[in-house]
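Construct the entire structure; sequences and hints are all you get.
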Amino acid sequence: GAGGLSLGFANTNRFNILAHIEWEKPMVATLRNALNKRFKISEKETKKRVIKFDIQKTDELINGSWSDETLKIYGSDNDESVSQFGLNGVISGKKIDVIFGGPPCQAYSLAGRAQDKHSMK
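Quick note on numbering: full-length UniProt numbering labels position 108 of the sequence shown as 108, and the sequence is numbered without any gaps.
Below 16 Å or equal to it, Euclidean Cα-Cα: the simulated EDC-like pairs (lysine to aspartate or glutamate) are:
1) 48 x 77
2) 57 x 68
3) 25 x 79
4) 47 x 77
5) 44 x 77
6) 47 x 79
7) 25 x 54
8) 47 x 80
9) 72 x 54
10) 25 x 77
11) 44 x 79
12) 48 x 60
13) 48 x 80
14) 57 x 69
15) 48 x 79
16) 57 x 24
17) 44 x 80
18) 72 x 60
19) 47 x 24
To be clear, the hints were calculated from the coordinates, so they are not data collected in a lab.
Laid out in structure tokens, this is it:
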């Protein structure tokens with residue numbers, strides 16, 4: 001959770017993580033803080049790299065040009081350039097070696113708890 005998988009990759013010093021997608025606001029804040037404190041990435045840059053978004057809105061995520069509805073939901077949580085240009089803008093001109101993703105943290109995420117009829121009790 002909160003980018004643990006990507007932070008693990010970053011901790012090897014073999015990867016420069018270009019972008020992170022998180023759905024829940026507390027996890028976005030945790031990941032941005034970790035990037036700022038651990039890797040000395042500026043707060044402005046972490047707002048570009050850690051994107052609060054619904055990964056199911058693939059076209060808008062990748063290409064930007066967010067709809068008015070999407071801007072209303074996610075606009076204030078993200079850098080304006082992300083809503084305009086999407087991941088294409090974030091990674092523009094950079095070489096990509098690996099794309100990885102992980103399942104929602106079962107104990108803490110809304111997505112994980114939604115799968116459990118007992119709400120992780």
